[in-house]
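Enquirer: Each chain, written out:
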Amino acid sequence: MSAVQEAMPAARGSRDATVRRFALTDAIFRALTKAAAILVLVLLGGVAISLIAGSWPALSTFGLSFVGSEAWNPVTEKFGALAPIYGTIITSAIAIVIAVPIGIGIAIFLTELCPRPLRRPIGMAVELLAGIPSIIYGIWGLFVFAPFLQTTVQPFIIWMFHGIPGLNSLFAGPPYGIGLLTSAMILAIMILPFITSITKDVFDTVPSVLKESAYGIGCTTWEVTRRVVIPYTRVGIMGGVMLALGRALGETMAVTFVIGNAHRISASLFAPATTISATIANEFTEAVGDLYTSSLVALGLILFIITFIILAIARYMLLRIDSRAGA
Amino acid sequence: MSTALSLHQSRKRKNSVMMALCVVAAGIGLAWLALILGALIYKGLSGVSLAVFTEMTPPPGDAGGLLNAIYGSIVMTIIGILVGTPIGVLAGTYMAEYGRFSKLTTVVRFINDILLSAPSIIVGLFVYELMVRPMGHFSAIAGAVALSILVIPVVVRTTEDMLNLVPNALREAGTAIGAPRWVVIRSVAYRAAMSGIVTGILLAVARISGETAPLLFTALNNQFWSSNLNAPMASLPVTIFQFALSPYEEWQQLAWTGALIITLTVLGLSIFARSLTGRREDR
Chain A
1 MSAVQEAMPA
11 ARGSRDATVR
21 RFALTDAIFR
31 ALTKAAAILV
41 LVLLGGVAIS
51 LIAGSWPALS
61 TFGLSFVGSE
71 AWNPVTEKFG
81 ALAPIYGTII
91 TSAIAIVIAV
101 PIGIGIAIFL
111 TELCPRPLRR
121 PIGMAVELLA
131 GIPSIIYGIW
141 GLFVFAPFLQ
151 TTVQPFIIWM
161 FHGIPGLNSL
171 FAGPPYGIGL
181 LTSAMILAIM
191 ILPFITSITK
201 DVFDTVPSVL
211 KESAYGIGCT
221 TWEVTRRVVI
231 PYTRVGIMGG
241 VMLALGRALG
251 ETMAVTFVIG
261 NAHRISASLF
271 APATTISATI
281 ANEFTEAVGD
291 LYTSSLVALG
301 LILFIITFII
311 LAIARYMLLR
321 IDSRAGA
Chain B
1 MSTALSLHQS
11 RKRKNSVMMA
21 LCVVAAGIGL
31 AWLALILGAL
41 IYKGLSGVSL
51 AVFTEMTPPP
61 GDAGGLLNAI
71 YGSIVMTIIG
81 ILVGTPIGVL
91 AGTYMAEYGR
101 FSKLTTVVRF
111 INDILLSAPS
121 IIVGLFVYEL
131 MVRPMGHFSA
141 IAGAVALSIL
151 VIPVVVRTTE
161 DMLNLVPNAL
171 REAGTAIGAP
181 RWVVIRSVAY
191 RAAMSGIVTG
201 ILLAVARISG
211 ETAPLLFTAL
221 NNQFWSSNLN
231 APMASLPVTI
241 FQFALSPYEE
251 WQQLAWTGAL
261 IITLTVLGLS
271 IFARSLTGRR
281 EDR
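Going line by line, the protein sequences match chains A and B. The numbering of the first sequence is our numbering, which starts it at 1 and goes up by one. The numbering of the second sequence is our numbering, which starts it at 1 and goes up by one.
No wet-lab data here; the hints were simulated from the structure. Keep in mind that a hint or two might mislead.
Keeping only pairs whose Cα atoms sit at most 30 Å apart, straight-line, the calculated DSS-like set for lysine-lysine is [said to hold, decoys possible]:
#	chain 1	residue 1	chain 2	residue 2
1	B	K12	A	K211
2	B	K103	A	K34
3	A	K211	B	K14
Quick caveat: nothing in here was measured; it's all calculated off a predicted structure.
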């Protein structure tokens with residue numbers, strides 16, 4: 001506030017000058033902050049434009065068949081995105097199926113069951129899972145988790161389901177350790193903290209009166225959670241799940257380690273496959289020729305569009321529960 | 001009477017089963033954290049030596065360290081933070097101070113939240129198209145720019161949130177003694193929100209120091225010592241990626257050691273950052 005003190009004893013004329021100077025600096029600072037805010041919009045626009053420009057050669061060569069074709073042959077320069085899209089969606093879907101019940105379970109544990117002194121440490125520990133860089137999940141998945149699955153879990157599942165039609169092709173061998181299911185399980189661990197922390201946050205928005213009145217008529221903790229808390233926070237939970245889905249779809253390094261990088265669609269969840277992000281991470285620096293590079297950028301564009309839609313829905317849902325909590 | 005009693009018992013039984021499952025879920029979460037950290041310490045600790053911090057990344061089959069990769073990571077992280085933080089803080093300032101109720105703020109907040117969770121490999125592709133392709137070669141500066149794009153949304157978000165927590169009475173007091181808006185922001189609002197903004201920056205550091213995907217085709221990698229920002233530069237995550245997938249035992253060991261270093265750094269930073277805001281809440 002030194003500027004203010006300086007201005008105090010000054011004469012009338014210099015006071016006007018000071019006020020004008022204040023107004024000018026304020027206008028400059030305001031314009032500066034506004035420019036930075038607009039830059040955030042420009043960034044997203046720039047990402048979209050550069051991806052469209054970069055993928056144009058591939059999209060104009062292959063047209064819509066790019067999305068529908070399973071071919072991926074750098075030698076004959078035939079590229080199609082179907083196998084990576086399939087791998088991306090299947091791994092993320094399985095990850096969601098595994099992570100949602102566990103994530104919500106942890107949130108219930110933290111809000112209803114956990115002794116108060118332990119709440120913060122346990123909540124923090126779960127959130128630390130989100131802080132671990134994805135490459136760590138990758139290296140751990142490849143050297144620790146995949147061999148474990150390969151030698152114990154996968155042979156057992158194959159043996160258990162080999163006589164059951166339908167399931168036997170879903171869990172067909174050989175057990176490589178790496179593949180769709182392993183990637184999905186790693187993804188599930190990675191998105192768990194997102195689901196837990198958002199679920200916990202929206203659980204806290206439930207008015208105590210609602211819960212207390214349910215307890216008052218004799219409901220058990222589970223009944224209160226199932227009939228009052230979850231219905232009340234359904235939109236918020238869905239938002240958290242969509243946010244986690246967005247993360248899973250775009251996750252790169254962890255999946256790159258354990259997916260196996262095979263450009264084919266296979267019925268078995270144990271088979272090596274590929275995802276959009278893993279394909280880009282593996283092949284981009286080695287891609288020769290404009291069409292190859294451009295096809296990889298086109299994969300990136302598809303991933304960008306999918307995640308943008310999912311994340312926009314997630315944010316919209318979370319906004320809705322925010323405005324209700326504020327009201 | 002007996003049916004009422006058995007209904008009561010079945011409800012109680014169902015409750016205990018579901019609550020037990022929730023405890024199991026929490027156990028799974030904690031067990032997984034323990035398993036990952038345990039494996040990291042078990043495999044990484046045996047490779048920790050002075051050489052890791054003093055020697056360059058070795059050729060296949062040789063002993064060596066991670067010095068150039070650690071240096072590259074630090075350099076690119078610092079530049080990324082230096083570029084991203086001012087932009088993020090300014091944008092957050094606009095959203096919380098000047099344009100708190102403007103339409104632009106609503107749009108920026110929405111887009112920023114999407115950028116916050118956008119796949120980092122997309123950012124890598126963007127910077128490749130923006131910088132690497134026009135310049136004709138990979139460079140450390142391109143890697144740093146990619147990282148700064150990841151920093152911006154984190155800082156915008158925390159800055160806006162923290163400034164919104166500053167009571168309006170403080171701003172009004174500043175305005176009442178004749179201070180112009182930007183002086184109030186600088187000397188009152190920033191000062192009151194400082195620990196929160198710093199937390200956001202620390203979280204951004206934690207996030208980018210482990211990022212691999214945006215560096216793969218911007219900064220690429222470098223087997224040798226390089227402090228040239230216009231040339232490819234090694235970084236810890238990319239080196240781990242390359243070494244872990246190699247068939248050489250020395251490289252794999254270095255990858256585990258590097259992984260341990262990164263994880264401890266990132267977890268340390270995020271615990272420290274959280275403890276800063278934790279104190280705030282208690283106060």
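Enquirer: Does each hint fit the structure? Answer for all of them.
Expert: How the hints compare with the structure:
1. K12(B) with K211(A): holds (18 Å)
2. K103(B) with K34(A): holds (12 Å)
3. K211(A) with K14(B): holds (19 Å)
Consistency with the previously given hints is maintained throughout, with no hint failing.
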